[in-house]
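Residue numbers (my numbering), protein chains in the order written: chain A, 1 to 180; chain B, 1 to 180.
Simulated from the structure, these hints should not be mistaken for laboratory data.
Positions of the beta carbon are idealized from the N, C-alpha and C atoms, including for glycine.
Not one of these hints is a red herring.
Partial pick of chain B residues on the chain A-facing surface, computed with a CB cut under 8 Å:
no.	residue
1	A94
2	A144
3	H148
4	I165
Negatives, chain B to chain A, calculated, CB over 10 Å:
no.	residue
5	L32
6	R68
7	E122
There are 2 protein chains.
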Amino acid sequence: MLQTAADLAAQSGIDVTFERIAREAGVSRTTLYRWWDSPQVLLLDALLDGARWTIEVSAGEETVARLRRHLVDGARVLSDAATGAPLRALAAGALTREDVRHAFFDHWLAPRRAAAATILDEGVARGEVRPDVDVEVVVDLLFAPLYHRAWLTRAPLDEQVVDEILALVLPSTTPPAAGP
Amino acid sequence: MLQTAADLAAQSGIDVTFERIAREAGVSRTTLYRWWDSPQVLLLDALLDGARWTIEVSAGEETVARLRRHLVDGARVLSDAATGAPLRALAAGALTREDVRHAFFDHWLAPRRAAAATILDEGVARGEVRPDVDVEVVVDLLFAPLYHRAWLTRAPLDEQVVDEILALVLPSTTPPAAGP
Numbered sequence: 001m002l003q004t005a006a007d008l009a010a011q012s013g014i015d016v017t018f019e020r021i022a023r024e025a026g027v028s029r030t031t032l033y034r035w036w037d038s039p040q041v042l043l044l045d046a047l048l049d050g051a052r053w054t055i056e057v058s059a060g061e062e063t064v065a066r067l068r069r070h071l072v073d074g075a076r077v078l079s080d081a082a083t084g085a086p087l088r089a090l091a092a093g094a095l096t097r098e099d100v101r102h103a104f105f106d107h108w109l110a111p112r113r114a115a116a117a118t119i120l121d122e123g124v125a126r127g128e129v130r131p132d133v134d135v136e137v138v139v140d141l142l143f144a145p146l147y148h149r150a151w152l153t154r155a156p157l158d159e160q161v162v163d164e165i166l167a168l169v170l171p172s173t174t175p176p177a178a179g180p
Numbered sequence: 001m002l003q004t005a006a007d008l009a010a011q012s013g014i015d016v017t018f019e020r021i022a023r024e025a026g027v028s029r030t031t032l033y034r035w036w037d038s039p040q041v042l043l044l045d046a047l048l049d050g051a052r053w054t055i056e057v058s059a060g061e062e063t064v065a066r067l068r069r070h071l072v073d074g075a076r077v078l079s080d081a082a083t084g085a086p087l088r089a090l091a092a093g094a095l096t097r098e099d100v101r102h103a104f105f106d107h108w109l110a111p112r113r114a115a116a117a118t119i120l121d122e123g124v125a126r127g128e129v130r131p132d133v134d135v136e137v138v139v140d141l142l143f144a145p146l147y148h149r150a151w152l153t154r155a156p157l158d159e160q161v162v163d164e165i166l167a168l169v170l171p172s173t174t175p176p177a178a179g180p
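Could you put the whole structure together from the sequences, leaning on the hints where they help?
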């Protein structure tokens, strides 16, 4: 059923109705109304299911390696047509409808931002990130360029750009070296 | 006429037609067809006219001051409802229609990116920016967070966040200090 919703979003954008999803997936509308506030929230769940942009935080690695894994995952999800296209359609909805923006923020952006913020907070605890760094701005700097490239400039979205982003942003977030 | 187009975009989004703009502005459709490829390109020109996000590059200032002026200008244009709302509607169109994305890129993003790239290139010539820096990625890092905040997270978009962005990105772009 989530796959049906994802397929519909890829074909027709986000203006898909509960009626249509129910018909195509062969389930009752009542089931859909019970579980999801809106067709857009259902589509987000379908994307979450398919995108496998993990929001899990791996322990026991250095901060830079953990962030890198997260960003490479994001670049792949955004550039892969199967996940990137419906995500872009949802983002377009988020730009024009406040309820879609809330759903997109709560179900897609916020969990990924929180995972990155957790990595940075644990980096602070491990002495790898300065305690006075503004985590929200660092998260913007790491992720916003990926969305901007995928959605607007279509510039390359590969491991090389991830490494360039990390190399430009992370030095300012690390504590001063204790000396050689 | 550009003001009429901007007003229509703010009211009705980007799916405005040449017919409607011509009727409201009291000009002939032929005039519009002669000057603009599509209503969306006309709307972009209307925004450019109204937004006053300068793409001029001021000379004789340090790189950081020139970039800061550019970013503060951008934050204002994106958060001001009069300019931010039609721009957001156009971006939503860019996410779903390739012709709108091209118009948005060519008429809005590219000139602003080019202005920032010029500032960075001149910074290289003045010894204030490392010659090996990837200018396109730096431009993404400086500007993408502004769009991301204005369009999706609605986090504050003020001079403080501009200064935090500059403080996190620019140190990695400056040449090693020559000593005290």
